[in-house]
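Undergrad: Required output: the full structure, derived from the provided sequences and hints.
Line by line, the protein sequences are chains S and C. Residues in the first sequence are numbered from 673 upward in steps of one, following my numbering. Residues in the second sequence are numbered from 837 upward in steps of one, following my numbering.
Hints listed in this document are in silico derivations from the structure and should not be mistaken for laboratory results. Ideal Cβ positions, reconstructed from N, Cα and C, are used throughout, including at glycine. Be a bit skeptical, because a hint or two may be false.
Calculated cross-link-like contacts (lysine to any residue; reagent style SDA-like; alpha-carbon spacing at most 25 Å) [what the hints assert, rightly or not]:
no., chain 1, residue 1, chain 2, residue 2
1, S, 741, C, 1252
2, S, 741, C, 1609
3, S, 741, C, 1531
4, C, 1290, C, 1392
5, C, 1627, S, 728
Some chain S residues near chain C, calculated using beta-carbon distances under 7 Å [as the list claims (entries may be wrong)]:
no., residue
6, 704
7, 708
8, 715
9, 721
10, 770
11, 773
12, 784
13, 785
14, 803
15, 807
Some chain C residues flagged as far from chain S (calculated, every beta-carbon gap over 10 Å) [what the hints assert, rightly or not]:
no., residue
16, 875
17, 974
18, 1019
19, 1126
20, 1163
21, 1301
22, 1347
23, 1368
24, 1396
25, 1402
26, 1452
27, 1470
28, 1530
29, 1600
30, 1606
31, 1611
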Amino acid sequence: MKTNDVILQTITSISAFIILAFGAYLFFAGHHDPGGGFIGGLVLASALVLLYLAFDMETVQQGIRIDYKILTGIGVGLSTLTGVGAMLLGFPFLTHTFEYVDFPFFGEIELATSVLFEVGVSLAVVGATMTIILSISEDA
Amino acid sequence: MSWLHIFILLPLLVAVIIPILYKKIARIHTGWFVLVVPLAIFVYLLTFLPMIAGGETAMYTFPWIPSFNIDMSFYVDGLGLVFGLIISGIGTLVVLYSIYYLDKGREALHNFYVYLMIFMTAMLGVVFSDNLIVLYLFWELTSISSFLLIAYWYARRQSRYGAQKAMLITIFGGFSMLAAIIMLGIMGDTFSIRELISQSDQLVQHPLFIPAMVLLLIGAFTKSAQFPFHIWLPDAMEAPTPISAYLHSATMVKAGIYVVARFTPLFGGTMEWFWIVTGVGLLTLFWGSLLAVKQRDLKALLAFSTVSQLGLIMSLLGMGSAALYYGGGELAHLHSMAVLAAVFHLVNHATFKGSLFMVVGIVDHETGTRDIRKLGGLMSIMPISFTLALIGSLSMAGLPPFNGFLSKELFFTGTLNAASLDIFRMETYGFLIPIVAWVASVFTFIYSIILVFKTFFGNYQPERLEKEAHEAPWGMLLPPAILALFVVVIFFVPNVLGEYILEPMMASVLPALVGQFDFHIEAWHGFEPELFMTIALVVLGIVLYLTLRRWIGLYNRMPRALSITNAYNSGLKGMESISRKITDAHMTGFSRDYLRYIFLIFIMIVGASLFMLDGISFDAGTVAHINMFEVILSLVLVGATAMVVFTRSRLAAVICVGVLGYIVALFFVVLRAPDLALTQLAIETVTVALFLVCFYHLPRLRQKEEGDGFNVINMLIASAVGILVTLVALAANGHRLFPSISDYYLDAYELAGAANMVNAILADFRALDTLLEIFVLCIAGLGVFALIKVKMARREKNENQ
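TA: Okay, here's the thing in structure tokens:
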């Protein structure tokens, strides 16, 4: 069944980027403002879902060649490794640290190892959500 | 971490790379790589020998869970070291033997060697652990690895049966031992064996002393196949012969003996210990030797022989524990000789039985059968195997010039000494001990003779064998030959062994008597009662062997229905049918039933505790002001919930659930929790998408499958849960027993550098929660993927057909 989705597709191709940017913003905002890895990942996933809804599966997969199962694995692995990293330095598992660094042009910026952990969380969320949704829709 | 830790864990580490070696270097038999491991451990352990012979011990500790008194502490003394040497030494020989026994092309070698290496670490851990919890860990690991090894040829039904039997019985004993360990931990406030032993004087008074002793002994008896738990050992013979030689004769089954010896300083010297250990040991000795005579399968014969010999060692340890009652002096020394006999026979048994098992394996490998009715006349075809079998058997029968003779004479001495005891009511029953021991030794003699004569003498019947018999390759003969060499050498220089190995072992079993051991093992000790007992048993044994045909039929008179194996089988069957009935009754397959169980249990536990602890309270003073906006939201919430329940259209239900989610998000906004609101909104969006995706596939919505009347029970459960949750929420608000933890998180900016408290909690304070949360997500995602892929694959398969 072919349907004419011109309006949906046109709007989606614009708004997907806005949603993706919002997701990225939420991710980085998490440290001091509402947001964070989990919610950021969810918003990214919802943008992807919108793309899959508007275009068909093959079209999107040509543009985004990601195996979401592997993405989930990478996310979980990354989060675990950040925890192990603390152990290698002699701290308890999952100890995080932060430092304020003065960058030229950007000024003083806070760098925290928990960002790496959050990246893992985001990837795992995106991966798992997309794996579930794509698996179920492929079942059709 | 000490070198000892590393060497004990070395096999486990090697086990990880064995499958890689097996795949990448398939040309070379994997066993050659594995061979290095036990050899290295053996050489390393040998370096402890001078220290141990000098009467010293060593302790290596590595903190593991110190807050619960659990440390990886390994203790090297005579007992542990000799066991370690047996494990690694015979381990080396068994690996060498297995290289020739297991075919590289046909067998799953990687599995075999992985299990074997796990077992080796487990066994080394058992004998060196000072911490009881660690000991228990390794102890169960031996059961598991033994299970895997018995079931190695898992396609055979008998292998699976044997493996299950061994595991059920030994793990049952393991649990019993765990209970004993916990009791000991309560009694002595420590899990360290050495510290417990040092408190033994006070512990005897403790009310848990006898229960802990009995439970510990059950664990030891199951592992060492003592009566009536011996039934698993013959079935364990379904394992490949290298395993039978290693686990089920030389090492693992001796773990029970080890535990009894290890705890003798703690429990020994009491009447209960003396009688249980001696009695069960003697019974096992007698029963095992009796049953061994009737076996037709060589490995089964050796299995019952092992049962019997383990009983012998066990009974000697029991008799020797009397020495602790005296604590010193002449009588203590007299009875400590039984412990000498026990540790001596332990070493001897490992040598001759290991060698015999390997020879039987050779016979099996080269002729294709182990049935003595088919075998015979192999002496001229397999002369080296014959010699080795002869040495092993005569040593087992207790004849000179082999080491079994020496320890058997000491055994007789021990029983005669025990009979002269006038404590523990021995003056009444003591005379039984030498008689039972002597009769059992007659049967031991008979089955040892059967083993050699029926296999190697008589007529060679090639038509009844599966293969043309010929001598085994040198690699298979070398390991038993080395063990047979020990059998002979120990006979001639027993006191070298005595000084370096047996005396430190005795010191571990009887620490109270250290320095008082003064013994000299002699092959010729004059015309003593022991010698006459030996002569009499040989004469009677030969007579009985020659007349075997006339009385072997007596065994058939034993009622099969009364056998212990029969009881085990019917017990297992009964348990299975009961559990199936219970499972069928409650596992209906309807999620509404499962929800009912969950809610009922929730009501019972939470409701009862709320009621009993008098937790129902409501303090209106602490409640914040409710504004109009919140009232409206609540009303919408209630309305949407009611819609979900009563609507007949799925689309409406989905929309109502969505409404619920968004209203809750609005609540979060009102209550100033923007993080939660954001998350809730995003999740609602994704959920709606998910619903859209699977909408098409869902079956038509039905209110209820059977009858559409009003279900009172469901209504009661539903209302009770609703009321209960409300009450819990109110009670939680009303009770503030502890200062709230949220104040701690207010410092998030200083502690974690994050101004967003919620995120600081997620990523810093409670990062482990988050980490496990994404593990769950990952597993859920992969689970959905796998389930759907399986379904699709099945559908495709059906279409192709």
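Undergrad: For residue 1163 (chain C), which was marked as not at the interface, is the minimum beta-carbon distance to chain S over 10 Å?
TA: holds (49 Å)
Undergrad: Going by Cβ atoms, does residue 1019 (chain C) stay more than 10 Å from chain S at every point?
TA: holds (33 Å)
Undergrad: With 10 Å as the threshold, tell me whether residue 1126 (chain C) passes as away from chain S on beta-carbon distances.
TA: holds (57 Å)
Undergrad: Keeping to a limit of 25 Å between CA atoms, is the pair of residue 741 (chain S) and residue 1609 (chain C) held or broken?
TA: holds (16 Å)
Undergrad: Taking 10 Å as the cut and beta carbons as the points, is residue 1347 (chain C) off the interface with chain S?
TA: holds (40 Å)
Undergrad: Is the nearest CB of chain S more than 10 Å from the CB of residue 1606 (chain C)?
TA: violated (6 Å)
Undergrad: Determine whether the non-interface label on residue 974 (chain C) survives the test: each CB of chain S must be over 10 Å from its CB.
TA: holds (25 Å)
Undergrad: Taking the closest Cβ pair, is residue 704 (chain S) under 7 Å from chain C?
TA: holds (4 Å)
Undergrad: Taking 25 Å as the top limit, are the C-alpha atoms of residue 741 (chain S) and residue 1252 (chain C) close enough?
TA: violated (73 Å)
Undergrad: Holds or violated: is there a CB of chain C closer than 7 Å to the CB of residue 784 (chain S)?
TA: Holds, because the Cβ-Cβ distance from residue 784 (chain S) to chain C comes to roughly 6 Å (cut-off 7 Å).
Undergrad: Let's test the interface hint: is any C-beta of chain C closer than 7 Å to that of residue 715 (chain S)?
TA: At about 5 Å, which falls below the 7 Å cut-off, the nearest Cβ of chain C leaves the hint on residue 715 (chain S) intact, so it holds.
Undergrad: Any CB of chain C closer than 7 Å to the CB of residue 708 (chain S)?
TA: holds (4 Å)
Violated hints, in rising order: 1, 11, 13, 28, 29, 30 and 31; the structure is consistent with all others.
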